[in-house]
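There are 4 protein chains.
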Amino acid sequence: MLEFRKKVYRQLEPTAWRRKGLSPTNHFLVYLIIIAVIEAVLDTEPVISTGRELLLNNIEFGLGLIFLVEYVARAWVAVENPRYQKYRFPRLRYLVSPMAIIDLLAILPALFAFGGASSLVLRFFRVLRMLRLAKLGRTSKAFKLLRAAFVQKRHEFALILGMLMVTILIAGSMLYLAEGEAQPDKFGSIPRAMWWAIVTLTTVGYGDAFPITPLGKFLAGAIAIMGVMLIALPTGLFAASFTEAMEKERDEDAAEEEEKAAKA
Amino acid sequence: MLEFRKKVYRQLEPTAWRRKGLSPTNHFLVYLIIIAVIEAVLDTEPVISTGRELLLNNIEFGLGLIFLVEYVARAWVAVENPRYQKYRFPRLRYLVSPMAIIDLLAILPALFAFGGASSLVLRFFRVLRMLRLAKLGRTSKAFKLLRAAFVQKRHEFALILGMLMVTILIAGSMLYLAEGEAQPDKFGSIPRAMWWAIVTLTTVGYGDAFPITPLGKFLAGAIAIMGVMLIALPTGLFAASFTEAMEKERDEDAAEEEEKAAKA
Amino acid sequence: MLEFRKKVYRQLEPTAWRRKGLSPTNHFLVYLIIIAVIEAVLDTEPVISTGRELLLNNIEFGLGLIFLVEYVARAWVAVENPRYQKYRFPRLRYLVSPMAIIDLLAILPALFAFGGASSLVLRFFRVLRMLRLAKLGRTSKAFKLLRAAFVQKRHEFALILGMLMVTILIAGSMLYLAEGEAQPDKFGSIPRAMWWAIVTLTTVGYGDAFPITPLGKFLAGAIAIMGVMLIALPTGLFAASFTEAMEKERDEDAAEEEEKAAKA
Amino acid sequence: MLEFRKKVYRQLEPTAWRRKGLSPTNHFLVYLIIIAVIEAVLDTEPVISTGRELLLNNIEFGLGLIFLVEYVARAWVAVENPRYQKYRFPRLRYLVSPMAIIDLLAILPALFAFGGASSLVLRFFRVLRMLRLAKLGRTSKAFKLLRAAFVQKRHEFALILGMLMVTILIAGSMLYLAEGEAQPDKFGSIPRAMWWAIVTLTTVGYGDAFPITPLGKFLAGAIAIMGVMLIALPTGLFAASFTEAMEKERDEDAAEEEEKAAKA
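Residue numbers (my numbering), protein chains in the order written: chain A, 10 to 273; chain B, 10 to 273; chain C, 10 to 273; chain D, 10 to 273.
Everything labelled a hint here was simulated from the structure, so no lab data went into it.
Be a bit skeptical, because a hint or two may be false.
Since the list can't tell identical chains apart, any single copy or any two copies may satisfy a pair.
Capping the alpha-carbon separation at 25 angstroms, the derived lysine to any residue pairs in SDA-like fashion look like this [stated by the list, open to error]:
(1) 153 / 178
(2) 257 / 93
(3) 195 / 136
(4) 29 / 97
(5) 195 / 51
(6) 16 / 59
(7) 29 / 270
(8) 257 / 140
(9) 257 / 167
(10) 269 / 147
(11) 269 / 129
(12) 269 / 91
(13) 153 / 67
(14) 153 / 168
(15) 29 / 54
(16) 29 / 63
(17) 257 / 66
(18) 195 / 137
(19) 269 / 164
(20) 29 / 134
(21) 16 / 96
(22) 257 / 51
(23) 29 / 168
(24) 269 / 67
(25) 272 / 107
(26) 257 / 65
(27) 153 / 183
(28) 195 / 230
(29) 29 / 68
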């Protein structure tokens, strides 16, 4: 039994897997998560789900059962994990870890029917199923890289975010002054004008709010030209930082693979 | 006859051409392809084509005949190509190569009339003629460069595409929760909200879908600011990778030219 | 008393603070400024302020009083500042410095009621309160960095701004020619067409003005493709310049900290 | 007289001016050109020009006279220019140079009244006055830099423009197939769909044309994500190339100044 538990642990925990890449079980789970997320997305679209409720509910229930088995198995093998062994109740410690709680939240909606639930509650539980995406984070390097790239330049990002907020505030205040009279529903308060400022400075430009007075157009033009520069700042920083993190990761990977090869 | 076939082969196959640049035949074909593509584009516009059907059909038929001659000639000289000589039927092998099949598909619509065809079939055959563009790939370095730049950073692109998908999913799910009630036709399902997410994160911002509730606007603003950063990532990577591939190509070209000069 | 004034001076003047980071007083003021700005922003939104006028006015008045005390204290300790000691009336000299005038302008709207004021005057005084943001500049490195990044490349920016103006002018003139007849309200004069040019070249694209004639669409397409390149120029320059300024700043900071540590 | 002509020549020809910067005459002309362009822009706006026709016409006529004097003076001193001295009729040679012809075209509209002219002719002559901007090119380094940056990477730009055209063609063809039936006025021909493709790939996104069918939205989403990458390519290239040209220019300037100083 102990031998079997150790085997299951090695299959489930990516850091305990001795060979290159993912274990067969985790490989299978990654595909299953992708299928479950696609199913959950399509399930919300009435054009697709109407008339297929039973089929979709059964798929959902089946996927939910498999993820429940995974959840229980992970709790069972938590005692093998050196990270939890130092605690008195390793399994309980695992169950209250953020990852396990997210797992549980993603499983729950699949196992219960929400016949009498209101539209908003239903929508909320449907979105809960999207949390399965977080399960990918356990086996994926992408999240690790993103985090490393962010952490490395966190001071720069905080600074830039601050500047951006100030720019949005100033841009919003100027247009509130210039257009507030002419378009009170769109520029009649600074928060309303700030929505315009965000949409303009990110160059999204939906066209739901734009200046119509000559002064407003002049200010908006100057803001658009200046702001485009500021918004582009984090872009360059982040791209550079991400590339760096990626190269570092690859070097570490190569070293790890060599180590594993030496052991085997 | 064999001597003539060898000459034709050298004219048609860019890698067999010994002098700098393209052979006269391929030069002529490049111009012909550009003319044929422009003709095919203009042919679909009723304002231009109405009243000129006969003229356009004749041009189309004439161009189709020349490309048919080229197609047959390429099959005929395939036996000269070292790449196909190792097969038992070099010409048949050439005819089932992807390039030859694309050639045939692009020729077909020019040679047949589609009097009784439905609108969709007609449109499909018209677009088939665009495949002539792929013929340019045979003589163009642009495609080679693009491919090299892509291949070199394919792991990074796969990773970024994954992150992008997750971002679009999360952004869509959030707006589905916040705006689904207020605008069911635009945010009433996750796929619908994902269309909004793509249009916003790429900063295209058509204005066909945008949040109207305060919570929706707040979330959309945060998503726009954060997302612009993520979308900009592949940009920097790709630009760097493309420049690198271009420089490498130029060095190789210079070496090749020197070699040819030494031979001559 | 002199001892106390010296203490207050060290608390208020960031350059006189001997330890790392900000003094407790300046820390407290930074939070207060952020709260005051958020309050001022929300105050302009009728959905939030209606029915809460008294509460918001009291918060505003309280914050105004604290900032008034700060204003008086800063004037009182100005005699300690070596920068103003060389003048005959150091306090008066401080009071006419741009920073002190901005401080006063930001305090005034909080202390007076504008019962009978017209809508535009009211809006103007509300926006005046946003000047509190400038107070952050006293303790923030962000503004210092932004300025350094800008000053270092000011010739390039002037040049690019000039090119941009010329591009906007040319783009506007072309569309004025092509679309002026068809859409006189949007392209009937060069200034009107220039609004379209700015919205297009920054890729904001509200959709309030776009060409509808074939010639206008052709020109607009070419302008959009070419212009996107030009607009992107300052972006790269500024990002590079900002990163440089940031690194220089960090080196200087490290040196300063070491010096302070050596003194203590 | 000859002495005076030499002096005028040194004042008008920037390359003949021995001291740093521009000659006083050229300085004055630069300001005059900027004023004349602003006047010409505002003149087209009915809100500004209505009721001020006489004033604007007089300003226009006065500026036109000054530019005419400049034109004649430049022709008169052309014999001093080593570039034209080798021709038999240096002045005639100068008058048929592109720069002189542009000068003349920009002067003409100011000197004639167009009472009976149609709206389009009037608009055309108004835009002709914008050619005064080209006069700035004579004294400005910006155009020189732009040209250098472009020339240095011309092969890359040609390649990228080609790829861009192919991408626009493919994107347009795909949406023509997917949306042609549903929205014949916007996607009913490939040229129409290409307008959508340009507006989307440059991320301008006016919102005058967007897909409404599920297939169209899916294709448009994929095109937007992929295309944003390609469009961003020339941006990086051009920014790098421009910075390089700028640095080279500065080095050359420094060398030239030293030479002048050594001469003086």
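> Looking back at the hints listed earlier, which ones does the structure fail to meet?
Replying inline: Structure breaks hints 2, 4, 6, 8, 11, 13, 15, 16, 17, 20, 22, 24, 25, 26, 29.
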